[in-house]
Structure formats: C-alpha cells, structure tokens
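Chains as they are written, first to last, in the working numbering: chain U, 28 to 321; chain P, 28 to 321; chain W, 28 to 321; chain X, 28 to 321.
Hints may contain errors.
[Stated by the list, open to error] Result set (SDA-like, lysine to any residue): computed pairs, CA atoms no more than 20 Å apart in a straight line:
no.	chain 1	residue 1	chain 2	residue 2
1	P	K134	P	P175
2	X	K317	W	R249
3	W	K78	X	G250
4	X	K78	W	R249
5	X	K78	U	D286
6	X	K317	W	S279
7	W	K317	X	V278
8	P	K78	U	D67
9	U	K78	X	N64
10	X	K317	W	Q112
11	U	K317	P	P175
12	U	K134	W	E150
13	W	K78	X	P284
Quick caveat, the hints were computed from the structure, so don't treat them as lab data.
There are 4 protein chains.
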Amino acid sequence: MNDPSQHETRATLLVTCEDRPGLVAALSQALYAQGSNILDADQHTDPEAGKFFQRIHFDDPELAGPDRDGATRRLEATVRGVAAQYEMKWALHYANTPTRMALFVSKTDHCLYDLLLRHRSGELHCEIPLIVSNHETLRPVAEHFGVPFRVFPVTADTKAQVEAEEIALLDAERIDLIVMARYMQILSGEFCDHFESRVINIHHSFLPAFAGGRPYHQAFGRGVKLVGATAHYATSDLDEGPIIAQDVIPVSHRDAPADLVRRGRDVERTVLSRAVRAHLEHRIAVYDNKTVVF
Amino acid sequence: MNDPSQHETRATLLVTCEDRPGLVAALSQALYAQGSNILDADQHTDPEAGKFFQRIHFDDPELAGPDRDGATRRLEATVRGVAAQYEMKWALHYANTPTRMALFVSKTDHCLYDLLLRHRSGELHCEIPLIVSNHETLRPVAEHFGVPFRVFPVTADTKAQVEAEEIALLDAERIDLIVMARYMQILSGEFCDHFESRVINIHHSFLPAFAGGRPYHQAFGRGVKLVGATAHYATSDLDEGPIIAQDVIPVSHRDAPADLVRRGRDVERTVLSRAVRAHLEHRIAVYDNKTVVF
Amino acid sequence: MNDPSQHETRATLLVTCEDRPGLVAALSQALYAQGSNILDADQHTDPEAGKFFQRIHFDDPELAGPDRDGATRRLEATVRGVAAQYEMKWALHYANTPTRMALFVSKTDHCLYDLLLRHRSGELHCEIPLIVSNHETLRPVAEHFGVPFRVFPVTADTKAQVEAEEIALLDAERIDLIVMARYMQILSGEFCDHFESRVINIHHSFLPAFAGGRPYHQAFGRGVKLVGATAHYATSDLDEGPIIAQDVIPVSHRDAPADLVRRGRDVERTVLSRAVRAHLEHRIAVYDNKTVVF
Amino acid sequence: MNDPSQHETRATLLVTCEDRPGLVAALSQALYAQGSNILDADQHTDPEAGKFFQRIHFDDPELAGPDRDGATRRLEATVRGVAAQYEMKWALHYANTPTRMALFVSKTDHCLYDLLLRHRSGELHCEIPLIVSNHETLRPVAEHFGVPFRVFPVTADTKAQVEAEEIALLDAERIDLIVMARYMQILSGEFCDHFESRVINIHHSFLPAFAGGRPYHQAFGRGVKLVGATAHYATSDLDEGPIIAQDVIPVSHRDAPADLVRRGRDVERTVLSRAVRAHLEHRIAVYDNKTVVF
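Bound conformation, chain U alone (with noise of 0.2 Å):
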C-alpha cells in the first residue's frame, strides 16, 4: 500500500486519564521495550479538566510477522499494564485491521460521492460494506461504485423498528463507523447511545448557528455574510454533539438560498471529509461533549 501510515506493521494507541507526571515518559518507554517504535505521538493536557490525552502511531514489525496474534497479545499487555498504573482508558487500532464504515444517505448525492471517491482514491483507511438509505434514488451510485445498498423506509409509526433493523444488520455487518452523509432522518437516542462517537453527522451550518431544520433559509433570513458546515458525533441532542471539524465560505447579498444551498455543498463535502478522515486515523478523543483532534 502506498501511504505507510496503513503498513501492517503499524498500530495506533490513544489513551485518557487523569494528568499527572511521567505519563509520556511511561507510555513511550513501555512501547520501546518491547519492540515498538513511535513514529508519532501528540498529547494534550487540559489544565482546567486536568485530563490527559495522548494518541501515539507507532511501528511493530512483529504485527506482520508469523506470530502476529502472539504479538497483538503481548501488546496489549504491555499497554494494560501501563494504562492499570496510571487508571487510563486506551484503546488500540491496527491498521491491518481498517474501519468498517456505513455511509448513510437519502436523495443528496453530494457527500456520498465524495466519499467514495475519496475511498477509491485511497485517502480513507477504511472498508465501506455498506450503504443504507430510506429512499430508492441512490442506488445507481451504490452501483456504480459497488457497495451493497439497502433501503429502509421510515415513517414516524415504524422509525422504532426501522431503528432496531438497522442496529442488528449494522451489528452483523461488523460496522465500527456511521457516517450520516446529508441523511434526512433524525436518530433515535437509543441509536446514537448504541454507537455512541461513531456517528458522525453533517449540519449544513456553523453550529451552533443556525440548529435545526433549514439552516440555509436561516442564514439567508439572518443576512449574515459567512455560511458554513459543521461535523460532529451525533448524539440525543440534535445538532449538540462533539464538534470534530467545521469550515465557512463567504456569500453576499447577491445569493439567494438556492445559491447558499450550492455554495454549501462544497464546504459541507471538505467538513464531512475532514472529520471522517480523522476518526479513521484515530485522531480523536472525545471529552466534556467537545473533541480532541490530533
């Protein structure tokens, strides 16, 4: 593979607690001595919170060696033993091992697209088993591409057990990550709490501007000079969750909300891309309904 950050000999480690000294010191001697290299490692420390964080990206040439489950075991010993020191929550990803992503979509074709393009073109480290929709009308795009489509219709009468399908096929599916790509349907609190920071959603405005429904007719009423796109997890709060990526573009008195509708498109693709591309390279941490973007 050409980007080495997915090489299978590489792993990602990210890691929370409380602060205090040596936390770094302790993380990369651990991984050294037992054979790992660190190619990377960001942290960050709240001083309010008094919360640490840390991501680090590092190289086991064993992960792609004969014994790789012996190596994956000894590993996440090792890392269990640090985190049982310091009472840290950690959790690590392989990159032999990629995201398993559903992209959930409607009639808008803008982010599904780019999406796709994007993971065909390499710049998503992940797999896309499947796409759901509650309309017909993208299909020939899930086609073309050839990802299997499945629809689910949603009336408010049926959107409980609609919900509780689509939990056990993305349960059977092995799906890690939602991406909701311009999905007009608003999850359910159980939903979002069951695949609670691996949904990621796209609000067509600068949150917390413009919440709800319409942003584009909000800004256009409000006649600011800035339209924008915000991704965050999605959670029981509509348009509340953890901000991972947001992004503007001007507009001006000459465009009317059709014009901010086009104009949007643009910025909301680059934000949903952003965001997405970070949760796949482990680069998040979620604390306080706020992220951490390494």
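Given chain U's structure and the hints, the job is docking chains P, W and X onto it.
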C-alpha cells in the same frame, strides 16, 4: 491625492426603490446628459422583496471647477428629477467632502491602532476629528496620532445624561459615522436611533452564534473549531443589527479562552476595518435588517 | 428551470472598447429602448491600458416569444449600432442556447467527476456532448453519466494527425469550450489558436510558481507552506496563458509529495469548476494576457 | 505572567539527529528521571532524508528554585548524555531567559507597529532592546513604544563598514534574533552567515513566485488572482532562504498595483508575526533549506 477614487471631481450616488424596468438606463442617461462620466456602477435586485439598489461612482469635472456650488446644485436637481419619477430614495456623496468619523473606545487598543494606522496610510477616506472613551487608558494613543480625545465616564445612573452630552458633542463636530472600536458600553436605543445606520460595532463572534457577553468563553465552552468576528450597524436590539462583514479563523483544542482572545484580535481588526472602509466608500445599503455591500 | 439566470428570456452582452465617456449610458439606453431590462451590469476600466469592459445580463421577453428569430435580429442590430459608433468588440450569448463543453481527460478522475456532478446538479449551465481522452481508463465514468467517450491515443509521431482529427470532431460537435480536466498532453499552438480563449486548463500549482512538470514535487523541494492550483486559458506558451482563477491550501513539513498530490486534488477541482462556471456565465474578458472576471 | 508557557519553570528542548528506534523513549525517560514533566512533545521524521526532529516543552520546578544554576547544569548534563549516545544536535531554551529581538526597518511602518503592539499585548515572549534603521523616519514610533532607535545610513560604498558596526552593536546587545520588518536593504552573505537561522525577512510575494524587486508590480503584470507574503530566514541567496510561513489574499482585475500594495500590508504583517512567534516559541528546525515548524 494618490487614490483616484478620492479625486475632488468624484461623487457617489446610492439609490433604492421598488424594482421596475428602465432604472439603470434612466440613471445612467441622466448623469451622462448633464456631463458626468460613470466610472463604476453596480446594482442589485432582490426579487423577493421587489427592491432595486444601485451605487454609481462617477466623475464630474465641474465639481472641481470655478462654480462648484452650481455644479452640485445642477447634479442634485438631475438626480432629484429621476428620483421623483421612480420614487427613489437617494444620497449623493462628494469625494471632496470626506466623512467625519468618531471612534469610541474603552481600554482595548488593537482596533483603535488599526483604524488610525489605516487612516494615516491613506486607506480610509475620512477625517477623524474625535476619539471618545469611558476611560483615560488610551489617551496616549490618541496623542500619538494627534487626535482629540474626550473622556465620558459612564455609570448606570449617569448613562442617559452622558449619552445626551455625547450626542451634543458628536452633532457639534458634525460626525457622520461612529465606530465602536471595542467600546465596552451598550448604547441606548435612543442613541442608535439618532445615528441610524451610522454606528458600526464589532462583535467578537460569528453572529448569530455567541451573542451577548464573553463570546470567546462561550465559544470555548461549546468546543467550536472556528472563532469569528462580526461588524454590524448598532441597533436597539443588541447584536441583532444588520451585518456588514464577518470572518473567522481556525482554532483547536489547544486554545484556552485566553488564546481565543489573542487570536480573535486579528480577525476583529480585519473585519472592522473592512466594514468601515465599505461604509466610507458608500458601498452599503440597508434594508430588512440586512445589508447590500457593493 | 430553477436558476433564473437560465430563463429563456435572458441574454448576456460582453463588450470591449477604448475607454471614453458615455459608454454605460449608451449601452443601457439602447437596450432599454428596444425592450430589454437590465438585470445585472458590471463594468471595468483599465486606466493604464485605456480599455473599457462591460458585461450586461438582461431580460428580453420577446426572446421567448413567437418570433424569437426576429427578436434576436432586432437585438443584434441594436448592439451592432452602438458598437459601430463606439468601435466596440462585442458578443451576445442567449440563455436558451447553452454552451457546448467538451472535457479532455487522461487517467485522473477527480476533476472529471466534479464537473459532471456539478453539471448534473444544475450548477453549470451547459451541455456536455463529449469526453475526449488519450486512454480508456475513465470510460466507466463517462458511461455512468451517459456522456459519449472518445479515445484518441497520442504518441509523439501521431500528435499532429490526432489533433487534426480532434479538431474535426470538436467542430462537427459544435463545441464552444474545451476543459482540460487533468488532460496529460500538451496541446499544440495550432490547437490553442484554433480555440483561442476557449480552452481552459488546470495547472496544479500557484502559477507562476512551479510551472512545468511535477509541480507538487517542485513545491516539496522548495519547502513552501501553501500549495495551489491555477485555472487559465491555454495558449501556445505552456502555463503562461491568461489566469482565470487561483487558490491555495496550507501544507506543512509533514506532507510528503504524495500528501501534496492528495491535498491538491481538492483545490484543483474547486479552482477549475470556478473558472468553468465563470466562462459559462460569460463573465470573462481577456486582454494583455490577463482576464477580467466579472 | 499570564501565559503559562512563559512560567519560569518552563524550558524547551529542540533536538535533531539521524532517525533510529527509541529516540522518543530515550529523551522522555531521561527528562522524567531527573524531575522534568513533559507538557508538550512533538516530533517529525523525514523518511527520505532519514532525519529525526523533536521539540519537547517541559516543566522543571527546580528551574525556579533556590539553586537555579545547579538545576540548569543538571538538566544540560542529562540532555548532553542522551545526545552523545544518539549523536543529536540540541538546544535548550529557558522561559526565564527570553529571546532578545532586534527589529530592522526603513520607512514603512505597518510591520513595525504590528510587532511592537503584539509584544506589548504579551503575544510575543521576548525582549526588544533595539530598533535599527537606515532612515530617521520611524523614530517617533520607536519613542512611542519606548524602544531605543539607532540609525545607520547605508550607501553602496559604506555598506561593508556599516554592517560591521551593526554586527558589533547587535553582539554587544546580545541579540538572538533579527527581524527585517520591511527593511529595504539587502544584507550581505557575511551578515546572514553571522546570524544563521536568526534573521527573519518578510518578502511581499508568495515565493518562489515574484522573487526580487517590486513583487506587487510583477504580480499585477502577470494578472494573478492572489497575492501573498513569505517569511523566511535570510541567507546569502536573496529570497531563497528556508520558508517559515506564507499566506495569500484574493485580488481581482480591479486592483491596480497600489491596491495590491495596500492589500498586501495585511498579509505581510500576519505572516511575519506568525513566523516570529514560531521562532520565539522555539518551534522551528532548519534543514536542507527547509523548515520544520512544530
């Protein structure tokens, strides 16, 4: 003068009326017929509101000739004639009569320096006969640039009386435009009405997000990935006036509120100066609590 | 059609001549007198070159009436009259006769998808009757969008002959605009002259920096902190034609040449589509190897 | 002091060496073992050049304790030990010993004001004991900010002699960093070598485009749609030194060279201050005529 838009033969006409055919032809023909040459014309039609807006920047050699007053009268009669026929609101601004701008400040100096430096370098076509403050702090800055500095301490009890004195002073100084360059007092509705569409404020957030006090702290609390600034005309509804200019800069989890304040200074001064320049070039029309910025 | 600028009663007039007083009045008066209503007019004077440029977007109900040909003749006679008086070069474009655009591609797909998707979503007012390539690679994309795909393999020996065949095909298809959407062949001076100011190329650097081959590798070598893209009209001087649009994105020491290629794709497609849209809206005038983009 | 990165217990270590496994662990372990706590660590490996770079910002309480000199000696011995083992080049910077920065100016004031204002507001952690100029013009600015101002008139004949006097003064003042804030003289190769990687220049174009004189006029001539600024370390090859920071702003056909100069001022001061801040925070490593900016 270097900037040709400031030549003494130049003038700017701003016009608003109900949209109807022939407006562009009528205005350009009338100006041409009486000896003016159009240098730059821009118009906008809001099809929903049915409104027409035009800005015409033109050259009339007689404005710098021996009978300047006669030329002005003739020009105004011409415009008045077309305006009467089409029920236009209009305003004529002559480059040889620069806008008189007063700056209101408190203790923060970055916007004040920025405007004074831009003025001295010739970027802002105006006179600055007066700086008003509720504190002594920035007097040395005013003295460095040779601008009279007047202090009006304000308390809740004295506010009405102080504003009356300020209005008297501003009127005596024939002030056309007031710029609140981080002035930390809320102007009353009476004050704003007295100087309708002539008071520009800079709010340190991307409105309508984070209206009200301490916007950088609000932004930090929400975990946004951009912070912004908004220049708008002050109205009796705090932070709700017509927006003139906005911009944002990226921030990250590494930025504490103090960092947002620091980073925000750059975008505040950029946005405020852009709005002030647009006003001084007579590029702004206000309607429906929005702006057209030609 | 949704976009009102594409209504069949709309037309756009582009005019260039030596600067002199009364041009705006003459054109607007002539159009008004024969029944057209100006919706949007923009002009520019280059004082050093002494050149005047104007773009007028107007509405003429008779262009959609029963005698459309008569209306067109009358309109052209009107413009020809003013143009003769003032020695203007002019072009009239009717919204009911969309530009016919051919796309030239090689193996890279991101600009091709981008333009086809924007076209399908209604962003680009044109017809796309033809995609030309020197490789078979992108045929499935053309088929997905239902656009005829013609392959012309090129070698150094056959180049002149192949270009002659391409020109014959393009002329037979009445192609108005050719967009080189990452077409990896250098067009001859003869080809560029045949389609003067009608071939748009995207160069993957901020010209004039890094003209020529492998610009991202050049940029990496110099250690720049931004990489860019430039859309320009192709001329016989490679990478020296009139620039239409440019943009950049930040990069850092972490970006290897492969990362610059990846990041660059986003700015390439944005810049190219912006230039194509400006051309299709008849916003571009060319002079002195530069562009006016209204 | 407000900014915690300036606490007197803080220090920054910058390290460069050939890449090999275990470097991160060795450095973090050594610092931890002698009582330092890592607050922020960032590293970079250039796989092609085989080079490793690290910046570690850490806290050592004894640096503010009763035996500060002993703490410094102990810290340096620790680093020297690891460095010897891995053949590292290294530099330690203590927050309680701020960089001494001299500003070189001519007649243009916007970059000078910008740096002095940022310094006064606490954005730049340094001392400014000296402003050097070849003209008297900006003395009032220096006086307004209370900074000594020294004038060295330069002619072609006296240049070598004047530079020798300047170097003597700068050395006597123990100047660590020289910032050419629009200083309109070319420094000799000898001068640049004497202060290698310690002279920051701002060039008013997006290098490598428009190197040399009058870059805004060059940009106007080429008809570019963006103008930029580049901050770089000065070397004996004019405009060819390692680039630290760059940015651009959009321009259009409406902008005459004088407008480019005006618009460029904003981006010049932003880019220069960003580069200066990065240097003062010891974020920059130089190699192969490029920079790593952590």
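Taking the hints in turn, this is what the structure says about them:
1. Restraint check for K134 (chain P) and P175 (chain P): the C-alpha separation of about 16 Å stays at or below 20 Å, so the hint holds.
2. At most 20 Å may separate the alpha-carbon atoms for a hinted pair to count; K317 (chain X) and R249 (chain W) meet this at roughly 7 Å.
3. Only pairs whose Cα atoms come within 20 Å are accepted, and K78 (chain W) paired with G250 (chain X) is accepted, the gap being roughly 15 Å.
4. Between the alpha carbons of K78 (chain X) and R249 (chain W) the distance comes to roughly 17 Å, so the proposed pair stays at or under 20 Å and holds.
5. The hinted pair formed by K78 (chain X) and D286 (chain U) fails the criterion: a straight-line CA distance of about 49 Å is larger than 20 Å.
6. Between K317 (chain X) and S279 (chain W) the alpha-carbon distance is near 11 Å, which keeps this suggested pair within the 20 Å criterion.
7. The hinted pair formed by K317 (chain W) and V278 (chain X) meets the criterion: a straight-line CA distance of about 13 Å does not exceed 20 Å.
8. Distance hint between K78 (chain P) and D67 (chain U) is unfulfilled; the C-alpha atoms sit about 58 Å from each other, more than 20 Å.
9. Between K78 (chain U) and N64 (chain X) the alpha-carbon distance is near 15 Å, which keeps this suggested pair within the 20 Å criterion.
10. For the suggested pair K317 (chain X) and Q112 (chain W), the alpha carbons sit about 59 Å apart, so the restraint of at most 20 Å is broken.
11. For the given pair, K317 (chain U) sits about 47 Å from P175 (chain P) by alpha-carbon distance, which is inconsistent with the 20 Å threshold.
12. Note on K134 (chain U) and E150 (chain W): the hinted pairing holds, with a Cα-Cα distance of about 17 Å set against a maximum of 20 Å.
13. Taking the CA atoms of K78 (chain W) and P284 (chain X), the gap is about 17 Å. The hint holds against a cut of 20 Å.
In summary, the numbered hints that this structure violates are 5, 8, 10, 11.
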